[in-house]
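Once you have looked at the hints, place chain B on chain A.
In order, the protein sequences belong to chains A and B. In terms of the numbering used here, the first sequence is residues 1 to 267. In terms of the numbering used here, the second sequence is residues 1001 to 1267.
Simulated from the structure, these hints should not be mistaken for lab results. Warning: the hint list may mix true and false statements.
Unchecked claim - Between beta-carbon pairs, the in silico distance windows are: (1) Arg256(A) to Ser1267(B): 39 to 45 Å; (2) Lys19(A) to Asp1096(B): 45 to 51 Å; (3) Leu1195(B) to Asp202(A): 51 to 57 Å.
Unchecked claim - Chain A regions said to be covered by chain B (calculated; three or more residues, Cβ under 8 Å): (4) 28-35; (5) 223-234.
To be verified - Straight-line alpha carbon distances no greater than 30 Å define the calculated BS3-like cross-link-like pairs of lysine-lysine that follow: (6) Lys1019(B) to Lys1129(B); (7) Lys1197(B) to Lys1148(B); (8) Lys21(A) to Lys1197(B); (9) Lys1129(B) to Lys36(A); (10) Lys12(A) to Lys154(A); (11) Lys1019(B) to Lys19(A); (12) Lys1081(B) to Lys1151(B); (13) Lys1021(B) to Lys242(A); (14) Lys1151(B) to Lys1019(B); (15) Lys1255(B) to Lys1151(B); (16) Lys1019(B) to Lys21(A); (17) Lys1265(B) to Lys21(A); (18) Lys138(A) to Lys81(A); (19) Lys12(A) to Lys1021(B); (20) Lys1036(B) to Lys265(A); (21) Lys1130(B) to Lys1197(B).
Only a predicted model underlies this, so the values are computations on that prediction, with no experimental measurement involved. Ideal Cβ placement from N, Cα and C applies to all residues, glycine included.
2 protein chains.
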Amino acid sequence: MRVSEFDDLTTKREVEIIKIKDNLTSLENDFVAVEKPFTIFVNDIEIATLMISPDFLYELTVGFLISEGIINTIDEIIDIKIYERTLEARATTYEDKTLKQSLLNKRLISSGCGNAPIFHNVIDSIKSKKINNDFSIKASDIFLLMDKFNKSSKLFVETGGVHSAGLANAQDILYFYEDIGRHNAIDKVLGRADLDKVDYSDKILLTSGRISHELIAKTSKRAIPVVVSHSAPTSYAIELAKALNITLIGFSRGKRLNVYTNFDKIS
Amino acid sequence: MRVSEFDDLTTKREVEIIKIKDNLTSLENDFVAVEKPFTIFVNDIEIATLMISPDFLYELTVGFLISEGIINTIDEIIDIKIYERTLEARATTYEDKTLKQSLLNKRLISSGCGNAPIFHNVIDSIKSKKINNDFSIKASDIFLLMDKFNKSSKLFVETGGVHSAGLANAQDILYFYEDIGRHNAIDKVLGRADLDKVDYSDKILLTSGRISHELIAKTSKRAIPVVVSHSAPTSYAIELAKALNITLIGFSRGKRLNVYTNFDKIS
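Chain A on its own, in the form it takes in the complex (with noise of 0.2 Å):
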């Protein structure tokens, strides 16, 4: 397997604006997100080009590869070559069962920033991954998690045009990623904590973005038992949750949450 040197691609840049308040107006330089096309082939198959920041590109793809359900462990893949002149993945797995152009036929077009297609079945995940464990959380804890969560947002800061994803335990948060693409910010959460084989079991998701059902779908393939974010859910994101025994808390801001599944995990 083989990782990218280079995982500090540029995902910012400078440009020259005029900005006006009110009847004042001057030329300023101002930092502004950069999006590139990436696009991920599996088997000399394109899979999907996605938008992106273009950073942690393997990461990205482990994760994706995963959330999207095309493979599901990283011990599925023989080899990631990741070519970041011409911001390509190839990925070359030992089965070639989950490829069928039917698959690909199916892709579902999701709601969310930094989408993917959505491969996978929701009601097969709905099955598969149902959260069987006693894990707590205490509101005073989320509060914590989300005030260093939303420190750690640098190109967020410099740019106004990212998403943050974390994964986090009770006490600390123990990966972060910004991406144009809120869901790409997920995956490469994801995929990073993947590739380390983190027992998910404890941990908790966090994400400036919104909670559709794909953000769900994807938390659900690693069974990750509560999902945490600054913004909203949708009700599809709420059904799925409650299904899959997921605690969901949405409008996380300040001292403040709502918890909109599995009440009683959270003290």
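Here is chain B on its own, set in the frame of chain A:
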């Protein structure tokens, strides 16, 4: 051509939540945005399944098909049937040349909320729709428009979980729609305006969401000269807007805004 008779499908749902604020816990009812899959067929070929706020399906279908370059104008359509029970649209076109399998295999998955596969070639889009008129607008008019725009967001106020989009002239907002996906909101607006055969040459697109390149690709298909967002643009959106002579404005909040391209069009 058939127009759907029921365009007020439910876009919000009341759910029971636990609200935690400091040490206080309360059981409350709250509204969340409904998220549903909506599948578009053209000449019996499945084009895409979008995750949407389920209203204005006819407008969304028309806007999507033109945005994605499946058709160039509404006149290429014989008929669109909307099936609200199954959330499907079935469009029939006079010619079928744009729907080759090769095109379907070249889907570019976008970075944005409410995502669509991007079928068209971005370079073609640059060639075909360079803005070539002398429309300009005052910053003070944009401040007023964005104030009206923010006050129009009903579903957002109730759910916190949707994006909004509008089409305006220098004085007023002419069309306004909301959707869990920022691209869907824009396609609803543009679809309605396409149906009304609006002259886009003096219009402004307003959006709550970030501006990625596919948003510019959508507006360039209609040669809309000005795009204004509450949020940040990406580097790629700025490059495209520059190449197409589109005036790109971001961070339009209160009496401030940033102009990223075509500085001379803003007075």
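Check: Which numbered hints does this structure break?
Finding: 6, 8, 11, 12, 16, 18, 19
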